[in-house]
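Trainee: Below are the chains, spelled out letter by letter.
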Amino acid sequence: MTNKTLIQISDELSAGQYSSREITQDIIADIRARDAQFNSFITVSEELALEQADAADARRAAGHAELLTGVPFAHKDLFCTQGLRTTCASKMLEDFIPPYESTVGQRLLATGAVCVGKTNMDEFAMGSSNENSYFGAVKNPWDLNAVPGGSSGGSAAAVAAGLVPAATGTDTGGSIRQPASFCNLTGIKPTYGRVSRFGIVAYASSLDQAGPMCTTAADAAVMLNAMAGFDAQDSTSVQQDAADFTAELNQPLAGLKVGLPKEFFGSGLDPQVADCIMAAVKQIEALGAQIVDISLPNLELSIPAYYVIAPSEASSNLSRFDGVRYGYRCDQPEDLMDLYCRTRAEGFGKEVKRRIMVGTYALSEGYYDAYYVKAQRVRRLIKDDFARALAQVDVIMGPVAPTPAFDLGSNTKDPVAMYLEDIYTLSANMAGIPAMSTPAGFVNGRPVGLHIMGNYFAEAKLLNIAHQYQQVTDWHLQTPTSNTAKGA
Amino acid sequence: MALENADIENIAVLARLQVPATETSDYANSISSILALVDQMQQVDTEGVEPLSNPHDATQRLRPDEVTCDNQRDAFMAIAPATEEGLYLVPKVID
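Residue numbers (the numbering used here), protein chains in the order written: chain W, 24 to 511; chain P, 23 to 117.
Next comes chain W alone, as it looks inside the complex (with noise of 0.2 Å):
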């Protein structure tokens, strides 16, 4: 049942090949047998999974079954879940049970998609490697000696392995899309705002996005349809009708406009790496696309203004962890300043609390205009250049990270070095633009993800280039030698 894709396993169920309930008992007896060896799961939920499995078996015998009724997914561990801790692979939410369900989670329930289990991922989504979980960190299914990517990783490393067919991520400054480049998988970004933002656990409020992880684009597609649309409970979701992502899958490429940016193309790219991409960028325009260079001028700005203006948001809203409403608490506080300050020094873990001060310093009174507001401006000048960009081009293609997947504990010494990876994914997250990652070969054995950027509300063409991309490539397809090892 494993390594099926998420398409499959729906057309299984309705086949009546199995039911719902079967394939989740394999699936959680699955994890179960091999999740050790790379520990994507933080929690698993066999017994909502299995009460689920069951409704979901009753409306298909009732005749009322969606595309996801019945199939099983993985939500990454800050989505609020109902009954089931969300700990956002956090000392502060290691006993923490949502009292309600994220509007995603709301979402895919009511299609009948059954949730197997929490993945993990680096601490409230801060990191790129998936090495900051209190839970310990992710191992790349394609090397254990690899990171599976973050913040996304567990994610990430759950789908690759096949232990599930989907999983959600969310993408702040590239968390979908860098672990999807590292695990060989399909990856997406919405635009800001069109997947709603209610009930998972807030990293830097203007950036957020949640999105599908998958092993192709037909797949993202049918579960971006179920996360997406306006939401009132999110301020900032767009009022718009979500489209129908599936329904451009299979337009033709001709005359698609390909941009290449010569910034996403410089001295730190692996040589390796960028031949991949234009392997992919040839085959794009074999299929009838017309490829152009372009240039994004402020690109390199994005790190110092996403490092600003992430941590700032970071600082403000993790002020709610204060040791009282709820998550952990520490022992015998003396007065309420040490209540707030032992509760979250012991309940953070390091990566965490860097950033808080890095935020609070960067918001304090006589600092607030130089790094924040500048930050903002930084942040409009990247706007305005994928603007114009975007004016003379359909899509804009490059690397989704300047390297594969690097090794466990290379970047972990030297913040600044692993802020640097998240050169290429940042300034989608700027723009608010949608971005995603579709695989793209393999360097040494690890795999390497296609950049695809659009403009915004443009999700359904990035799909359908990622899908015609997959019709005549089968990267995506490719899976570790880890998993011909289970016994499903």
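Certain hints may be false.
Restraint ranges, calculated between C-beta atoms of paired labels, are given here [stated by the list, open to error]: (1) W:V396 x P:N51: 23 to 29 Å; (2) W:Q256 x P:I116: 33 to 39 Å; (3) W:E35 x P:D67: 56 to 62 Å; (4) W:K280 x P:N51: 34 to 40 Å; (5) P:R83 x W:A302: 42 to 48 Å; (6) P:D67 x W:Q31: 43 to 49 Å; (7) P:N27 x W:A440: 20 to 26 Å; (8) P:Q62 x W:L167: 34 to 40 Å; (9) P:A102 x W:D497: 49 to 55 Å; (10) P:T44 x W:L167: 32 to 38 Å; (11) P:T44 x W:E357: 17 to 23 Å; (12) P:T105 x W:A440: 42 to 48 Å.
Don't read these hints as lab results, they were simulated from the structure.
Every value quoted in this text rests on a predicted model; they were computed, and no experiment measured them.
Even glycine gets a Cβ: it sits at the ideal position worked out from N, Cα and C.
Chain W is fixed; fit chain P onto it per the hints.
Mentor: Below, chain P alone, put in the same frame as chain W:
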């Protein structure tokens, strides 16, 4: 901009984080290197550029002032570390 240990101590108070003395210099070093990275943007001329706080330049959407959900006090208090008779317990604030 390089931060001293005293700056870290001050930021830690503002951020409500207890930072042990043994970790202060480590934070001073790593946060200084982050600020050095961030300071690259100070070279850029942004005169006349409007700050961007929402990618769609959207403003806060208001809703009608109507009751939209029931009181869920019991559900929310059930997950608190310490409560008593519908109140959250904290250490004594006023002597």
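Trainee: Each of the hints needs a verdict: does it hold here or not?
Mentor: Tested hints:
no., hint, verdict
1, W:V396 x P:N51: 23 to 29 Å, "holds (27 Å)"
2, W:Q256 x P:I116: 33 to 39 Å, "holds (37 Å)"
3, W:E35 x P:D67: 56 to 62 Å, "holds (59 Å)"
4, W:K280 x P:N51: 34 to 40 Å, "violated (47 Å)"
5, P:R83 x W:A302: 42 to 48 Å, "holds (45 Å)"
6, P:D67 x W:Q31: 43 to 49 Å, "violated (54 Å)"
7, P:N27 x W:A440: 20 to 26 Å, "holds (23 Å)"
8, P:Q62 x W:L167: 34 to 40 Å, "holds (36 Å)"
9, P:A102 x W:D497: 49 to 55 Å, "holds (52 Å)"
10, P:T44 x W:L167: 32 to 38 Å, "holds (33 Å)"
11, P:T44 x W:E357: 17 to 23 Å, "holds (21 Å)"
12, P:T105 x W:A440: 42 to 48 Å, "holds (45 Å)"
Of the numbered hints stated above, those contradicted by the structure are hints 4, 6, listed in ascending order.
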